[in-house]
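Residue numbers (numbering that gives the first Met the number 0), protein chains in the order written: chain A, 0 to 195; chain B, 0 to 298.
Treat the hints loosely; a few may be bogus.
Coverage of chain B stretches by chain A, computed from C-beta distances (three or more under 8 Å per stretch; other residues unrestricted) [claimed, not checked]:
{"hint": "1", "segment": "109-118"}
{"hint": "2", "segment": "218-228"}
{"hint": "3", "segment": "247-257"}
If you are wondering where the hints come from, they were derived from the structure by calculation, not from laboratory data.
No experiment lies behind these values; they were computed from the predicted model shown.
Even glycine gets a Cβ: it sits at the ideal position worked out from N, Cα and C.
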Amino acid sequence: MKNPRARRNNVVCEDLAAETVLYDRANNRAHSLNRTVGLVWQAADGQRSVEEIAVILHRELGIPADPGVVLLALQDLEGAGLIEEPLPVEARPELLSRREVARKLALAGFSMAMLPAVASIVAPTPAMAASMITAQQAGQDLGTVGTEAYNNPNFLTDPNAITGLSNAQNAYVSGNYNTEIQDLDGVINALGLPPL
Amino acid sequence: MTESMATTAEDTVLSPPAIAAGTSVVTARCSAYGIEVAVDTSDDLFGYLPSPLIPPSTMRESRTRQRIGFAFTQTRCADGPPLFTVAEEGVQVLSSSDAELAARVLESQIHLKVAALTDQAVFVHAGVVGLDGRALVIPGPSRSGKSTLVDALVSAGATYYSDEYAVIDVDGRIHAFPRELRLRDGLARDRRVSLGGEPTEPLEAAWVFNLRYQAGAVWEPKELTPGQTLLTLLANSVAVRRRSEVTVRTLRLATAPAQGWYSLRADAAETAKQILQLINRTPGATQARSQGHAGEDRP
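Sequences are here, hints too, so could you generate the full structure?
Below is the structure:
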């Protein structure tokens with residue numbers, strides 16, 4: 000398997016104590032990586048193998064040096080658009096389910112906080128962030144969905160997660176909406192007038 | 000100003016009506032956060048303008064970097080009600096038969112523009128109150144019930160800072176944006192409560208509450224991690240796309256001493272009580288966190 004390489008170009012990084020917050024300027028999404036995924040993101044430089052990264056996780060977090068944890072973190076990073084190349088097909092059979100990795104960590108006596116987790120949001124435009132604008136509500140919903148991603152770590156790998164969003168949210172995700180129309184709808188709504 | 004209001008062929012359809020000949024033009028000006036706002040209007044509409052156009056700020060005023068022109072005009076039709084029009088840089092934003100509502104849209108547009116263009120602070124859509132010298136921030140969009148909740152917290156003894164924006168300086172401190180508190184009476188109208196006025200001192204954020212209104216919801220607060228707390232503010236920040244690096248860094252500083260919570264909520268008065276009970280139960284966590292982000296290890 001080719002060594003994984005995380006995307007760092009055009010990405011703003013802020014390290015918190017136990018998390019890493021990334022802002023991806025390429026698609027205006029922000030992510031909060033828990034400690035495990037943050038370490039994998041930092042270590043995945045194209046030089047280290049998955050096994051070597053697993054050793055880093057073992058050294059830094061004390062968890063078993065299990066490539067399955069690294070692959071799960073890489074899958075999360077891939078879902079967030081933070082990997083240079085997709086995970087190779089040959090790595091997929093090694094990829095354990097989140098449940099399997101959780102079980103292995105639990106059996107080894109580790110907290111679920113070590114389980115790879117990424118929360119993501121789409122950053123709003125000023126128009127989206129404005130009072131009285133419909134799309135802004137969509138942004139908030141996405142923000143909340145992103146926050147809830149920690150409670151439901153399968154969020155980013157769940158194909159229904161994005162497709163289940165409302166039309167406004169989908170428009171928000173894709174950026175495919177007309178700001179003026181959204182503004183007008185929002186104003187009409189704020190004025191308590193019937194829709195056009 | 001007159002030149003900036005000129006229309007082009009492309010926006011002819013959207014261009015606002017000019018102030019009628021013979022009507023004296025009055026221009027209201029206000030400068031804050033490095034942005035100068037000018038509103039052209041007529042004598043008889045001047046009283047509808049928000050005063051001041053931008054709430055007073057505790058931030059040190061620096062030189063003006065950008066100017067924005069608005070117009071608030073009235074069109075009289077022979078066989079219909081007058082129409083009140085708001086325009087920004089010559090492009091119509093809204094036309095309404097209700098002058099007060101048009102003025103409210105104008106105010107929101109002015110504030111949004113300042114929030115989007117300033118380089119002096121990070122503006123986050125949020126309600127803010129002060130409690131024991133620290134800030135409680137409730138980020139959220141319009142119609143998420145921020146104002147009602149802010150009003151309930153103020154009634155419970157908190158100090159009013161804002162019901163629209165948390166203004167965050169480069170050190171991560173929260174400044175007031177003290178426009179008059181707006182409480183919605185039904186869909187069509189806002190009720191203004193005079194809680195605005197002179198700005199109070201900037202505060203360190205101690206609590207961030209990401210709340211979603213749902214009728215009959217059960218209050219079940221879950222503590223957010225620092226990263227989630229930061230994302231909660233980021234999802235409501237106005238200029239993050241234009242100033243991503245500064246915004247993320249500023250929000251990290253702002254949330255470093257803060258404790259983040261998420262919950263569904265119902266009635267505002269009841270939620271205010273629940274918030275205050277929660278804060279009183281967990282003061283130690285906030286004190287510990289205020290020692291700094293680094294070295295903290297919260298699972």
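Hint check:
1. 109-118: holds (count 4)
2. 218-228: Coverage by chain A holds for the segment 218-228 of chain B (6 residues, Cβ < 8 Å).
3. 247-257: holds (count 3)
In this structure, none of the earlier numbered hints is contradicted; all agree with it.
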